[in-house]
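**Student:** These are the residues of each chain, in order.
Number of protein chains: 2
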Amino acid sequence: MRNIVYYVAVSLDGFIAGPDDDISGFVAGGPGVDQYLKDLKAFDTVIMGRKTYEFGYKFGLKPGEPAYPHMRHYIFSNSLQFDKKAGNLAVHPVDINVIKKLKAENGPDIYLCGGGEFAGWLLDNEMIDFLKIKLNPLILGSGIKLFGSSKKRMLTELVGIKSYDKGLQIINYRLNYKGNG
Amino acid sequence: MRNIVYYVAVSLDGFIAGPDDDISGFVAGGPGVDQYLKDLKAFDTVIMGRKTYEFGYKFGLKPGEPAYPHMRHYIFSNSLQFDKKAGNLAVHPVDINVIKKLKAENGPDIYLCGGGEFAGWLLDNEMIDFLKIKLNPLILGSGIKLFGSSKKRMLTELVGIKSYDKGLQIINYRLNYKGNG
Numbered sequence: 035m036r037n038i039v040y041y042v043a044v045s046l047d048g049f050i051a052g053p054d055d056d057i058s059g060f061v062a063g064g065p066g067v068d069q070y071l072k073d074l075k076a077f078d079t080v081i082m083g084r085k086t087y088e089f090g091y092k093f094g095l096k097p098g099e100p101a102y103p104h105m106r107h108y109i110f111s112n113s114l115q116f117d118k119k120a121g122n123l124a125v126h127p128v129d130i131n132v133i134k135k136l137k138a139e140n141g142p143d144i145y146l147c148g149g150g151e152f153a154g155w156l157l158d159n160e161m162i163d164f165l166k167i168k169l170n171p172l173i174l175g176s177g178i179k180l181f182g183s184s185k186k187r188m189l190t191e192l193v194g195i196k197s198y199d200k201g202l203q204i205i206n207y208r209l210n211y212k213g214n215g
Numbered sequence: 035m036r037n038i039v040y041y042v043a044v045s046l047d048g049f050i051a052g053p054d055d056d057i058s059g060f061v062a063g064g065p066g067v068d069q070y071l072k073d074l075k076a077f078d079t080v081i082m083g084r085k086t087y088e089f090g091y092k093f094g095l096k097p098g099e100p101a102y103p104h105m106r107h108y109i110f111s112n113s114l115q116f117d118k119k120a121g122n123l124a125v126h127p128v129d130i131n132v133i134k135k136l137k138a139e140n141g142p143d144i145y146l147c148g149g150g151e152f153a154g155w156l157l158d159n160e161m162i163d164f165l166k167i168k169l170n171p172l173i174l175g176s177g178i179k180l181f182g183s184s185k186k187r188m189l190t191e192l193v194g195i196k197s198y199d200k201g202l203q204i205i206n207y208r209l210n211y212k213g214n215g
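Residue numbers (my numbering), protein chains in the order written: chain A, 35 to 215; chain B, 35 to 215.
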């Protein structure tokens with residue numbers, strides 16, 4: 035079994051992006067971000083929703099290309115199509131069985147890259163094993179919520195915390211679904 | 035000038051209470067809560083909205099009584115009335131000038147007890163000086179947002195962090211309004 039790790043930047047008020055996908059207020063460099071980039075090397079598989087993949091276009095990603103060259107990409111969408119695409123990238127229908135099959139494999143943890151709506155769907159289906167937040171010293175006020183429109187309530191377990199400069203903290207929580215409500 | 039400190043328990047997804055004011059998932063005892071109770075002793079004045087005051091009724095507070103006996107209570111409401119009330123409690127209209135006058139006094143910091151909507155109104159009016167969160171290992175999914183319906187976006191400055199057992203952290207952020215937005 036492989037764990038799904040939702041590793042994501044979040045504001046103090048629970049948003050992963052502001053209006054119009056604005057992420058300009060998040061800490062963009064320094065030791066905390068270096069640690070995040072280092073941590074990404076441990077993943078060999080990334081899962082994400084369509085909007086998160088397409089968000090990459092703003093930063094130069096070309097359609098069909100991998101956002102993280104060393105990872106297998108599972109993009110979940112019922113509509114997305116590419117004329118050509120890289121060998122390590124596949125589009126899958128939004129079907130929880132694809133996720134279950136992926137988790138049943140042996141291998142390193144799976145990186146859940148986002149976005150909020152996709153993460154909320156996975157949370158509702160009890161598929162996320164770790165929530166690793168990059169807690170930013172920022173109030174966003176509105177935008178994309180950490181778990182989109184999911185209303186799921188659950189207790190988590192703090193398993194790691196580290197503070198970095200610029201007020202950034204990386205905090206890791208384990209999600210145990212058994213006996214939780 | 036006195037600082038207003040919004041000292042509040044919050045979930046990982048930015049809620050200060052779940053549906054129906056549910057706070058049962060927040061850490062309710064132990065060293066972190068002891069620290070919070072100790073910190074409260076430093077305040078001599080508390081401000082809050084009507085709903086937050088009335089929320090105390092659930093826990094045995096009687097109308098007109100102070101929630102924190104050692105503090106002066108400023109409850110902000112355009113409708114709340116009491117038959118009789120304690121000498122250290124006053125109801126004020128929701129008027130930013132009352133807040134400004136209070137801040138202009140000399141004395142210890144002012145405790146902003148909540149709730150989200152009242153805090154959002156104060157944030158919109160740039161009256162909150164510190165946001166001190168009790169970050170709980172909890173996902174709430176819905177409920178009362180940290181700043182209610184406020185849409186204000188701003189960068190903050192981390193000024194203190196301490197971890198306690200049960201996954202609780204108390205993290206203090208300074209809010210500088212100059213050059214922010």
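If you are wondering where the hints come from, they were derived from the structure by calculation, not from laboratory data. Check before you lean on any hint, since a few could be wrong.
Pairs involving identical chains hold if they fit within one copy or between any two copies, as the list cannot separate such chains.
[What the hints assert, rightly or not] With a straight-line Cα cutoff of 25 Å, these simulated BS3-like cross-link-like pairs (lysine-lysine) come out:
(1) Lys196 x Lys137
(2) Lys166 x Lys119
(3) Lys119 x Lys185
(4) Lys185 x Lys200
(5) Lys118 x Lys212
(6) Lys200 x Lys166
(7) Lys72 x Lys137
(8) Lys118 x Lys166
**Student:** Which hints from the list above does the structure break, by number from lowest to highest?
**Tutor:** Going through the list in order, the structure violates hints 1, 2, 3, 5 and 8 and respects the others.
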